[in-house]
Amino acid sequence: MREHFLRLIALRLLASVLVLFIVLTLVFFMSRAIGDPAKLLAGTDLEATREGIEEIREKLGLNDPLHERYGRFVWNAIQLDFGVSHRSAQPAMEDVASRMWSTIQLALAALIFAIGVGVPIGVLAAIKRGSAIDLFGRFIALIGQATPSFWQGLMLIFLFSVALGVLPTGGKGDFRHIIMPAVTLGSFFAAGMVRLTRSAMLEVLDSDYIRTARSKGLREFTVIRRHALRNALFPVITILGLYVGDMIAGSIIIETVFAWPGVGLLIWSSIRGADFPVVQASVVVTASWVIIANLMVDLSYTYLDPRVREATV
Amino acid sequence: MSAAAPQVEAIELRPRRRGLPHGWRSLSVYLFVIGLVIFAAAFADIVAPHDPAQQDIVNRLQGPVWQTGDWNHVFGTDDLGRDTFSRLIHGARISMRVVAIVIPAAVLIGTLLGLTAGWQLGKVDRFVMRIVDVQLAFPGILAAVLLAAITGPRLSNVIIILTIFLWAAFARLARAETISLRERDYILAARTIGAPGYRILGLHVLPNLVNSIIVLATLQLATVIIAEASLSFLGVGAEIGTPSWGSMVAEGRKLLSIKFWLVGIPGLAIVIVALVANLMGDWLRDFLDPRLRRSR
Numbered sequence: 001m002r003e004h005f006l007r008l009i010a011l012r013l014l015a016s017v018l019v020l021f022i023v024l025t026l027v028f029f030m031s032r033a034i035g036d037p038a039k040l041l042a043g044t045d046l047e048a049t050r051e052g053i054e055e056i057r058e059k060l061g062l063n064d065p066l067h068e069r070y071g072r073f074v075w076n077a078i079q080l081d082f083g084v085s086h087r088s089a090q091p092a093m094e095d096v097a098s099r100m101w102s103t104i105q106l107a108l109a110a111l112i113f114a115i116g117v118g119v120p121i122g123v124l125a126a127i128k129r130g131s132a133i134d135l136f137g138r139f140i141a142l143i144g145q146a147t148p149s150f151w152q153g154l155m156l157i158f159l160f161s162v163a164l165g166v167l168p169t170g171g172k173g174d175f176r177h178i179i180m181p182a183v184t185l186g187s188f189f190a191a192g193m194v195r196l197t198r199s200a201m202l203e204v205l206d207s208d209y210i211r212t213a214r215s216k217g218l219r220e221f222t223v224i225r226r227h228a229l230r231n232a233l234f235p236v237i238t239i240l241g242l243y244v245g246d247m248i249a250g251s252i253i254i255e256t257v258f259a260w261p262g263v264g265l266l267i268w269s270s271i272r273g274a275d276f277p278v279v280q281a282s283v284v285v286t287a288s289w290v291i292i293a294n295l296m297v298d299l300s301y302t303y304l305d306p307r308v309r310e311a312t313v
Numbered sequence: 001m002s003a004a005a006p007q008v009e010a011i012e013l014r015p016r017r018r019g020l021p022h023g024w025r026s027l028s029v030y031l032f033v034i035g036l037v038i039f040a041a042a043f044a045d046i047v048a049p050h051d052p053a054q055q056d057i058v059n060r061l062q063g064p065v066w067q068t069g070d071w072n073h074v075f076g077t078d079d080l081g082r083d084t085f086s087r088l089i090h091g092a093r094i095s096m097r098v099v100a101i102v103i104p105a106a107v108l109i110g111t112l113l114g115l116t117a118g119w120q121l122g123k124v125d126r127f128v129m130r131i132v133d134v135q136l137a138f139p140g141i142l143a144a145v146l147l148a149a150i151t152g153p154r155l156s157n158v159i160i161i162l163t164i165f166l167w168a169a170f171a172r173l174a175r176a177e178t179i180s181l182r183e184r185d186y187i188l189a190a191r192t193i194g195a196p197g198y199r200i201l202g203l204h205v206l207p208n209l210v211n212s213i214i215v216l217a218t219l220q221l222a223t224v225i226i227a228e229a230s231l232s233f234l235g236v237g238a239e240i241g242t243p244s245w246g247s248m249v250a251e252g253r254k255l256l257s258i259k260f261w262l263v264g265i266p267g268l269a270i271v272i273v274a275l276v277a278n279l280m281g282d283w284l285r286d287f288l289d290p291r292l293r294r295s296r
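Protein sequences appear in the order of chains A and B.
By the numbering used here, the letter at position 20 of the first sequence is numbered 20, and the numbering carries on one by one without gaps.
By the numbering used here, the letter at position 57 of the second sequence is numbered 57, and the numbering carries on one by one without gaps.
Everything labelled a hint here was simulated from the structure, so no lab data went into it.
Some clues are possibly wrong.
To be verified - The list that follows gives simulated cross-link-like pairs (lysine-lysine, BS3-like), each with its CA atoms no further than 27 Å apart: (1) K128(A) / K59(A); (2) K259(B) / K216(A); (3) K172(A) / K123(B).
As the list claims (entries may be wrong) - These stretches of chain B come out as covered by chain A in the derived footprint (C-beta under 8 Å, 3 or more residues): (4) 34-45; (5) 124-136; (6) 144-157.
As the list claims (entries may be wrong) - Which residues of chain B face chain A? A partial, calculated answer using Cβ under 8 Å: (7) A48; (8) L61; (9) V65; (10) L112; (11) A169; (12) L173; (13) S230; (14) I270; (15) G281; (16) L284; (17) F287.
Don't be surprised by glycine CBs; every beta carbon is placed ideally from N, CA and C.
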């Protein structure tokens, strides 16, 4: 059993490395297609002579054959070296690393909001099935999943910054700055949490061991907390890993709406500024996050509950 | 024969459903809303009271009818004096065009690959599933932004990228179902008499999948509409100047503090259509595919 599991981990790890390798390849060719970095570097001024561009090409090694450039790219990428940012003149990876913390903060705050709001509403909706809170929960879930986050962000800005003037419109500063971005990023996932928790709770509440717990004469609160909630939360927690990819995708939009200085905003601005090294570094970093999260979800499914894995294959 | 009579009666004890199935009325409401949007999209040129691109500086930044009482511009005008209502109708056309291409393409590609992977297993299966893994790890929005940087914002890019990122859901569905069916007796029987794989898949596996695919496709409607709007909002979706709902929000954004409705109205349109599409998906799931009901 143990050996089997180790073998499985090794296989999954290998698959993840392969996926990362494919992502690297895609990033290499996609950013080559954007344009000639030497021309972009030289700028549009008249002084950018043909010789000047040629010199930059030689320096960047752009005249080497494609396979050599590709090999060098992969080899450097393994060492987390994506070259120097054209705009900040710093190593691209440092640019990304300095922004990472902001995105992680935002994602964590959004996650806390999603769990803090989604799970209690989902549990209450399941316990009091058909009641006002159940209807409310389903309404919230439906609205949350139908509202584009960029629009929700703008509506929050209108309400809390323009009309009420209680929260800043964007940027990063004290605690008040993170509230709206986190709520906006979190609500989509809160909606998913409500649906998921509710259905998991309903299923658990229907089971034999809950009837046993009740017939033992336990208080309803104890039955819910000790017996039902623990079992219902298991699938809810493991599914969180699957949200990582969506969260990163969402953070690009949220960060541009609220001018939140994270990796998402960096990707956005570096693509606009044709800053290849930074584009490559940030895309590879975010893709790695998602790959690692998927790996953990996969392994935890297999380790904790083989049934779940079968169901999700 | 009279001995059998009580049995028959016992079966008949279950209340038979009479007339329309439960919830039929809500379905008609969903269909009405979706139908309205499709109608507006199809006949945008006739339905829209104004040319969506026609500028009218004199009447710029006019409020909606409940503020001005002017029925000529029901939802007001933007900062160039263009009629919001007409732009909204033409925006529906963009959303519907994307949906009408992306969903069928994703269904077709995903189902074919999923069926093949689940049927062949082994190398083919691993290959298909690896592609699914890659795109799960590669946020679609990144691909869209990269591609827009190469070609400039284009609706065809949006269509290609959304198709690439949606087929996987159908592939997973088709694969899982094929794997669960391939050892059933009736499939084994078909194989034993020498039926070729494509015939078994088409005649015996696919019919079992149709309901789930219809449900999943309906539930993806909202995803596609919101994704197109988000990309257009970021400026990497519909061509600049096209009245897409997402780009309307983006254009109204700079005036958010003074002209709330320029952002509010197109956003509400997205929310209403996405909401109705999701409700219809839920309804269809309960009706066609009761096995999925518990995930509600």
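Verification of the hints:
1. K128(A) / K59(A): violated, 69 Å
2. K259(B) / K216(A): With a Cα-Cα distance of about 62 Å, the restraint between K259(B) and K216(A) is violated, given a limit of 27 Å.
3. K172(A) / K123(B): violated, 49 Å
4. 34-45: violated (count 0)
5. 124-136: Held - the stretch 124-136 of chain B has 4 residues with a Cβ nearer than 8 Å to chain A, which meets the minimum of three.
6. 144-157: holds (count 5)
7. A48: violated, 22 Å
8. L61: violated, 16 Å
9. V65: violated, 21 Å
10. L112: violated, 19 Å
11. A169: violated, 12 Å
12. L173: violated, 11 Å
13. S230: holds, 6 Å
14. I270: With a minimum Cβ separation of about 6 Å from chain A (threshold 8 Å), the hint on I270(B) holds.
15. G281: This hint is violated: G281(B) lies away from chain A, its Cβ roughly 10 Å from the closest one there, beyond 8 Å.
16. L284: violated, 15 Å
17. F287: For F287(B), the interface hint is violated, since the closest Cβ of chain A sits about 18 Å away, which is over 8 Å.
Comparing the model with each earlier hint shows violations of hints 1, 2, 3, 4, 7, 8, 9, 10, 11, 12, 15, 16, 17; every other hint is respected.
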